[in-house]
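Engineer: What follows is the residue order along each chain.
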Amino acid sequence: MPDTIRLRVSRYRPETDPTPHWQDYDVPLRRDWTILDGLNHIKNQLDTTLSFRWSCRMGICGSCGMTVDGEPLLTCGTFLSDYAPGPIRVEPLNNFPVIRDLVVDITDFITKLPRVKPWIIRDDELSLDDGEYLQTPEQLDAYKQFSMCINCMLCYSACPVYGLDPCFIGPAAVALAERYDLDSRDQGTKERIEFLVEPDGVYGCTLVGECTRACPKQVDPAAAIQRYKIKAAKASVLAFLLPRGAR
Amino acid sequence: MSDGPITATHDVLLVGGGGAGLRAAIAIAETNARLDVAVVSKVYPMRSHTVSAEGGAAGVFAADDSLDEHAYDTISGSDWLADQDAVEAFVQEAPRELLQLEHWGCPWSRQPDGHIAVRAFGGMKKMRTWFAADKTGFHMLHTLFQRSLKYDEVTRYDEWFVTRLLVDDGRVHGVVAIDLISGRIEAIAAKAVVLCTGGCGKVFPFTTNANINTGDGLALGYRAGAPLKDMEMVQYHPTGLPFTGILITEATRAEGGYLVNKDGYRYLQDYDLGQPSPTPVLRSMELGPRDRLSQAFVHEVEKGRTTDSPYGPVVHLDLRHLGEKLIEAKLPMVRELCLQYERIDPVTELIPVRPVVHYMMGGVHTDIDGATPLAGLYAAGETACVSINGSNRLGSNSLPECLVFGARAGRVAAEYASTASGPPAVIVDQARDEIRRLERDLLSGEPGTERVADLREQMQTTMEESAGIYRNGPAMTKGADVLGELQQRVRRVRVADPSRAFNTELVAALEVANMLDVAECMLQSGLQREESRGAHQRTDFPARDDERFLTHLLVHRNADGTARVERLPVTITRWPPGERKYGR
Ligand SMILES: Cc1cc2nc3c(=O)[nH]c(=O)nc-3n(C[C@H](O)[C@H](O)[C@H](O)COP(=O)(O)OP(=O)(O)OC[C@H]3O[C@@H](n4cnc5c(N)ncnc54)[C@H](O)[C@@H]3O)c2cc1C
Ligand code: SF4
Ligand code: FES
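Protein chains in written order, with our numbering: chain B, -18 to 228; chain H, 3 to 586.
Isolated chain B, as found in the complex (with noise of 0.2 Å):
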């Protein structure tokens, strides 16, 4: 194994680049360094100025998110060895605005997050003096899966819907949405899905899969998508079938 590979790493500062480049960094080669150690090594060593996020480096902050060598990752569990002998391109996020070098702007998902309401909804709270909700393992694995997601934004940066129409709720919202309607403790479906159907929710969706590939965390948001399909498509058929309230 040689010593060093090259991190060629993706800069960019908005009072001076009009546009981002390439700067390149030889950083050690060991076998139990990640990507996140390479640009930590850069950081404390070779040049102070470059910006990133990281927080837990164990992958559940979800800070880390970057695109490496094309792919969505985050930095702090992949490995460079495993990109011997090189040069690793460490880009940010595709699909969001970039702040600064790896910094991407995601304040567009944060806003998006309370639309979907995630949250338990019920019609009658039940008093702290009763106890907690039943809830039998069984119950609680029919939404396990989707109550993973650390909000990493690999989806969105893999999705190419969200590419072309940041309009489109996303892949990590959907699935929170759906988490929180597989749970036996919630009744809150209907306001859900009432935003769900709208032009900006799920519908936008061509059911690609990227974002399940890119996840890390195997929440598989595209079948929470589908999932979502579905019901919406019943509810709506539902809701022309009702009888209306006005006549």
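By construction, these hints were calculated from the structure, which means they are not laboratory data.
Quantities reported herein were computed from a predicted structural model and do not represent experimental measurements.
Check the hints yourself; a few may be wrong.
[As the list claims (entries may be wrong)] Below, in silico cross-link-like pairs of lysine to aspartate or glutamate (DMTMM-like), each with a Cα-Cα straight-line distance of 25 Å or less:
hint : chain 1 : residue 1 : chain 2 : residue 2
1    : B       : K198      : H       : E326
2    : H       : K583      : H       : D274
3    : B       : K198      : H       : D87
4    : H       : K583      : H       : D87
[Stated by the list, open to error] Ranges of calculated distance between the beta carbons of each label pair, as one might list FRET restraints:
hint : chain 1 : residue 1 : chain 2 : residue 2 : range
5    : H       : R439      : B       : D7        : 33 to 39 Å
6    : H       : Q277      : B       : P118      : 31 to 37 Å
7    : H       : P334      : B       : D5        : 37 to 43 Å
8    : B       : G144      : H       : Q530      : 35 to 41 Å
All residues carry an ideal CB built from backbone N, CA and C; glycine is no exception.
Chain B is fixed; fit chain H with the ligands onto it per the hints.
Structural biologist: Here is chain H with the ligands on its own, set in the frame of chain B:
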């Protein structure tokens, strides 16, 4: 007050959007919907470090358990340095808080009949730790974050970094913060401020803590005049992965994992922690408290019974006998982390582990409601010291602490804010001063000479050498001298990056300055405590000394920046100091 540097005003401002901060925000919104609450966080709230917590959250639940037993385990675990009135409030309110989270949708693991499942945890005599597989913190934080989206009255400042508290005449009136995306520096006024900024593991080189755990809130409070309590009490977790420091949760041992030395011997039996049994025994062996387990490791190293690794000596955690099915069902994240970061499968292989800095028992001194001695300033979560943890926290007490005292601090801050008056005019000048300081000292392009990474590394090595699992007077004195030099050097810190947009070098420079204050308080406090208690083990004072040190230590900041240590009695209600017994 929209003119000048003050760009917004809120009733209550929370610094931090982790478990404690979000719980406080919801408590305020639910107490008084007319109050205007803001959460300022240097990362998006769901990225806060609470997300990494794995094992679980303690709260009495089973029929054979009692509040008194949880209290006793906590107090004996703390080596009698916890305040017993605080512990009593804590054990009483924890189950209700955990239940509240259940009602908000937290996917707690269940028994086959649908009731909440609880597991064993270190130092706990009964099974009382609620868990969501081994991603408890992740699920709790996302549940709180998603729930918080329901309340329109909660304003968020995501990715804003607080640099200073605005204080006048012993009262806190707001903060100065940098909007990281734009680089704008602004003052946000508030009638009450709650510090919920989490821990500070990054003061040490080898830690389970995330990059963001830099003790900012401790430094903010300390500089504003709030004392820090029991800062010498630093918890080492016995099982971190070598190199990364990634935590392998105590739940592995609660489910029946063994700790073995290089001879495959369950060495804990040699350290007054009970006798080995094939299945886990509560408050015994691998389920002893963290301080005692980490200390046992050091003795194993001394006896030459550990294994050498490229990252220093290690022992091994053996989960093989638990079987794939149990590991997948209850410890999936442990397996995922081992596979990814060590390229080993705990189903068939041993996991190399070593003790690693994990948690700060100390923090901003508060009363039982989260109030600090400064009017209008509150603290909750890991950054606060109420104290329920004393000199050693029990695993799974911290997450419920965030909930119980986050909610309490939120409610009390809300009450205060609903009657307090708005900020006085002088804080505008203070805000201007702070903005000028940041722009002149750090962003003017004047080249400083000291590199952030060098300062940070030297601080970390110093702390490891002087405030490790075992300490002594001369080493701490030497460490304090080095920190003094680093304090001088940090004034000349170099921020080479002139850009305003997401300037992480600026943030790192501010963080290292914060950590130096925190580190200094740890050593000053540690030097004063001439005894061994819980996590504070001094080779020059090897025994617990209740006569002189059954007391909290408060570090105050003098006007000239030096530290002054004072004492504060420990509150004892029903459990007089006794011997800590494990495994017998
Ligand atoms: C790996 C790991 C596993 C753990 N497992 C368990 C467990 O199983 N059970 C248990 O009880 N405990 C556990 N703990 C401990 C527990 O997770 C923490 O003590 C707790 O989550 C801390 O929560 P918090 O709300 O106080 O802080 P955090 O969740 O750390 O949040 C801090 C917040 O403050 C903000 N902030 C900090 N500085 C600034 C600033 N300058 N400006 C603006 N915002 C700022 C951050 O953005 C963040 O939102 C674990 C800890 C670790 C490290
Ligand atoms: S669904 Fe998967 S890829 Fe998308 S944000 Fe969530 S964890 Fe990331
Ligand atoms: S740093 Fe947290 S997911 Fe990579």
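Engineer: With reference to the structure, classify each hint as holding or not holding.
Structural biologist: Hints, one by one, checked against the model:
1. For the proposed pair B/K198 and H/E326, the alpha carbon gap of about 20 Å is at most 25 Å, so the pair holds.
2. Among the hinted pairs, H/K583 with H/D274 is consistent with the structure: their alpha-carbon atoms are about 8 Å apart, no more than 25 Å.
3. A threshold of 25 Å between alpha carbons decides the hint, and for B/K198 with H/D87 the separation of about 42 Å lies outside it, so the pair is violated.
4. Under the criterion of a C-alpha separation no larger than 25 Å, the hint pairing H/K583 with H/D87 is consistent with the structure, at around 22 Å.
5. Separation of H/R439 from B/D7 is about 37 Å and conforms to the stated range, judged on CB atoms against 33 to 39 Å.
6. Taken as a hint, the range 31 to 37 Å holds for the pair H/Q277 and B/P118, whose Cβ atoms sit roughly 34 Å apart.
7. Range check, H/P334 to B/D5: about 39 Å between beta-carbon atoms, so the 37 to 43 Å window is met.
8. Restraint check, B/G144 to H/Q530: a C-beta distance of roughly 60 Å breaks the suggested window 35 to 41 Å.
The structure is inconsistent with the numbered hints 3, 8, although it conforms to all the rest.
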